[in-house]
Amino acid sequence: MSALVIRGATPYGEGAPVDIAVRDGVITAIGSAVDADGAQVLDAGGLVALPGFVDLHTHLREPGREDTETIETGSRAAALGGFTAVFAMANTDPVADNAVVVEHVWRRGREVGLVDVHPVGAVTVGLKGERLAELGTMARSAAQVRVFSDDGLCVADPLIMRRALEYTRALDAVIAQHAEEPRLTVGAQAHEGELAARLGLAGWPSVAEEAIVARDCLLARHVGARLHVCHVSTEGTAEVLRWAKARGTRVSAEVTPHHLLLDDERLSSYDPVNKVNPPLRTAADAKALRQALAEGTIDCVATDHAPHASQDKDCEWSAARPGMLGLQTALPIVVRTMVEPGLLDWRGVARVLSERPAEIGGLPDQGRPIAVGEPATLALVDPAGRWTVRGAELASIAANTPYEGMELPGAVVATLLRGKITARDGKATA
Amino acid sequence: MPPRPRGAPEPAGQRELLSAGDVARTIARMAHQVIEKTSLGASGARPVVLLGIPTRGAPLAHRLAARVAEFSGVEVPVGTLDVTLYRDDLRRRPTRPLGQTALPPGGVEDALVVLVDDVLFSGRTIRAALDALRDVGRPRAVQLAVLVDRGHRELPIRADYVGKNVPTARTEEVHVLFTETDGRDAVRLHRAGDPE
Amino acid sequence: MRHLLGTDGLDPATALAILDTADGLKRTLLGREVRKLPTLRGRTVITMFFEDSTRTRVSFEIAGKWMSADVVNVSSSGSSVKKGESLRDTALTLAAAGADCVIVRHPASGAAHRLASWLGHTGTSVVNAGDGTHEHPTQALLDMATLRDRLGGVEGRRIGIVGDVLHSRVARSNVHLLTSFGAQVVLVAPPTLLPTRIADWPVGAAGSLTVAHDLDPELPTLDAVMMLRVQAERMHGGFFPSAREYAITYGLSEARAAMLPEHAVVLHPGPMLRGMEISAAVADSPRAAITEQVANGVHVRMAVLYHLLAGEEEAV
Chain A
1454 MSALVIRGAT PYGEGAPVDI AVRDGVITAI GSAVDADGAQ VLDAGGLVAL
1504 PGFVDLHTHL REPGREDTET IETGSRAAAL GGFTAVFAMA NTDPVADNAV
1554 VVEHVWRRGR EVGLVDVHPV GAVTVGLKGE RLAELGTMAR SAAQVRVFSD
1604 DGLCVADPLI MRRALEYTRA LDAVIAQHAE EPRLTVGAQA HEGELAARLG
1654 LAGWPSVAEE AIVARDCLLA RHVGARLHVC HVSTEGTAEV LRWAKARGTR
1704 VSAEVTPHHL LLDDERLSSY DPVNKVNPPL RTAADAKALR QALAEGTIDC
1754 VATDHAPHAS QDKDCEWSAA RPGMLGLQTA LPIVVRTMVE PGLLDWRGVA
1804 RVLSERPAEI GGLPDQGRPI AVGEPATLAL VDPAGRWTVR GAELASIAAN
1854 TPYEGMELPG AVVATLLRGK ITARDGKATA
Chain B
1422 MPPRPRGAPE PAGQRELLSA GDVARTIARM AHQVIEKTSL GASGARPVVL
1472 LGIPTRGAPL AHRLAARVAE FSGVEVPVGT LDVTLYRDDL RRRPTRPLGQ
1522 TALPPGGVED ALVVLVDDVL FSGRTIRAAL DALRDVGRPR AVQLAVLVDR
1572 GHRELPIRAD YVGKNVPTAR TEEVHVLFTE TDGRDAVRLH RAGDPE
Chain C
311 MRHLLGTDGL DPATALAILD TADGLKRTLL GREVRKLPTL RGRTVITMFF
361 EDSTRTRVSF EIAGKWMSAD VVNVSSSGSS VKKGESLRDT ALTLAAAGAD
411 CVIVRHPASG AAHRLASWLG HTGTSVVNAG DGTHEHPTQA LLDMATLRDR
461 LGGVEGRRIG IVGDVLHSRV ARSNVHLLTS FGAQVVLVAP PTLLPTRIAD
511 WPVGAAGSLT VAHDLDPELP TLDAVMMLRV QAERMHGGFF PSAREYAITY
561 GLSEARAAML PEHAVVLHPG PMLRGMEISA AVADSPRAAI TEQVANGVHV
611 RMAVLYHLLA GEEEAV
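Chains as they are written, first to last, in my numbering: chain A, 1454 to 1883; chain B, 1422 to 1617; chain C, 311 to 626.
If a hint is listed, it holds; no wrong ones were tucked in.
According to the in silico footprint, chain C covers these stretches of chain A (three or more CB under 8 Å from chain C):
| hint | stretch |
| --- | --- |
| 1 | 1644-1655 |
| 2 | 1761-1774 |
Taking beta-carbon pairs under 10 Å as the criterion, some of the chain C residues facing chain A (in silico):
| hint | residue |
| --- | --- |
| 3 | Asp318 |
| 4 | His416 |
| 5 | His423 |
| 6 | Asp441 |
| 7 | Thr506 |
| 8 | Asp510 |
| 9 | Gly547 |
Everything labelled a hint here was simulated from the structure, so no lab data went into it.
For each residue, glycine too, the CB sits at the ideal point set by N, CA and C.
Isolated chain A (complex conformation):
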């Protein structure tokens, strides 16, 4: 691979700008006025260099719903959003509950080559919550699955969840739980609060999430397993996590950009672009989640990028599918909610968008320090950049962004995956 010099970037937004020399995918020198010596030069003046982002929670929809997203279009969206690795959720059609499907996803990701696509394996066969899927076979497949999740559905049966946690101990893997007690959310449409009650939308109570998180923390501790909590959405869940971590439970947690920024005031239009699971909570919840992320109770940000066709969104609320696009807007929302108010600095952004998710997902070559000898897997960010979100202009096939028309701070100017430029100035470079 040809050599590259990144000129004038500021790693982690700290100190003076430096040049970063890259050869064969590895950082070979960092310093002032590194000699280009015929290498390609990437002008990064004014940009912040961060380790490439890792998304623990992406729905790429392939196989099954290629009309809304494919591994190729999703990879493009990821690269444009500064991501260098994504975990593709298992709720495809067919479900990724066996080695054949996870290896297909893995291989397609490699073929596209814009981002490392790590398939998530289903915990139970067909996401039905009844029988464990072949977790070991998936772990030992070419895809080397290290994260298992029935996301979209909760592993509700406590015995199945206990067994899954126990079993994955042997695989050095983690169960990522979509925490939603199904009996408490029958027909649920929106956060169970004053507004949903007025609007006649059946409530999704916070306690349905908190009860499962508490139960699973107890189970994980009991069997000595690792647990990851998907899309934490309530203040109460943050409190449960704080308690569980304090007593040594091996639990990690993610929060989505939309739960950091948006709240249930969005419901009043009945526009299902705001329908998501777990639902948008109250402004007080969003504030508590930002605090929990800043202090590390919540480990990382994950997008829950969920493309949906317009006919599944531009309909009546209860008929609409839950989910929002997230890959290209993740960093800007983190800047808006965490960096601008001073809750995180750029080092903190690197932690929540790259280092911690790479650790949780078991990726040894992602979320690495920006240092000589480390992979040149980077996101170059313009902190002063401003852009207006247009769903139709995003790389995903679907356009269901809740941020339509919003001007957001923080633009990803370039993304590098092991020295290869995968996105630059708003264009994915395959």
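Based on these hints, arrange chains B and C on the given structure of chain A.
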């Protein structure tokens, strides 16, 4: 339309066509005509009913009835007939509130109904009134009394009793004021667009 | 007024104008043999009912026909809806076919709002005839018309709404309309059948909406009591233990009705489950205004159509 304070100067472009005294005299003359033309009080004459068209046809009908009673000794039943639901121009104006329809206890069946309105212009209100009247009964005959006929008819309709004929331009507006609705009696001519 | 989607946010002046028009229409039609007005001749009104409700659909249909509108009924059975066409496409098709007004009943809360947004660029008006568990504004307006007839008005009056408030669009629409007219509303229900934090809803003056779980102490204080319909299938959701316990605790028996003040009115949106939420004797007693509600329903819906369709078209 709020009443103009007494003694306030006459705004430009406005003209008083009838004073309060003129209004009273005109109504008295119309009452005499009604008595004569309907043979009121004569033996065998059909009962007469006055129906005012809201808003200002209603007080006019009551005044006319009072004068008729005064001059002839016959108490003529008075009612109101709202024509809003029968108008053909509803979609040209903001939604109108409904006026009141209140027929006298005897109704209009077989009576000589005199429709009473303040101003006769295009004739469309009277057309609507004829439709409305048809839905409430079957009078023997229908006549029309108006305080002012300002011309510009768009339908083959004419008044049987006219207080005053006023030649106007289409762009002008005739405003009839009654104490009951406006605080004083007068008939005024405005150029279109003039402030009230 | 372009649409009637709910009473939440309905300007009281507009609500009053509708009620006054309904009153005028009622007086106009009183004792007439021919109850037909030419007002909406040439206008097309489509009722689109995705839930069975003969009484509401017929009430709208009669209202439209008495105003001489062309009324077309579309029901979900046998229509394109059953063939998988989306609500959006159905609505756009009906608008393109020349509907001046679409009256929609739908099991999804917010369906009428969605329809109004899809039809925003057309001239078509939307009337919400009941959306999920959200609103049923014409029911609240006809209840208000009935209370005005019986009590002369609701300002300062105390109105009890009893039963399954949680799943009731009638209750929601009434809470908004009654409080915006200055009434005190008390919701009487077991905690399982009350919406989240309803006492905190931003309606009316402070303290104009309260909650009680015990019906008997409220009865002597009420000027009107509105008994909501209870659907037996709610029992399976565990909202209350049994029909018997519900009837004993919240049913309006003769003994309970006797605790109401002399002048108090009994309302029910229908269809009634006699013996469950209301005893037959109370439903047939003179204080019950249930048939007046039905009659007022037609006049109120005529008035709504008049205010939507008989004025100058508002800028789109």
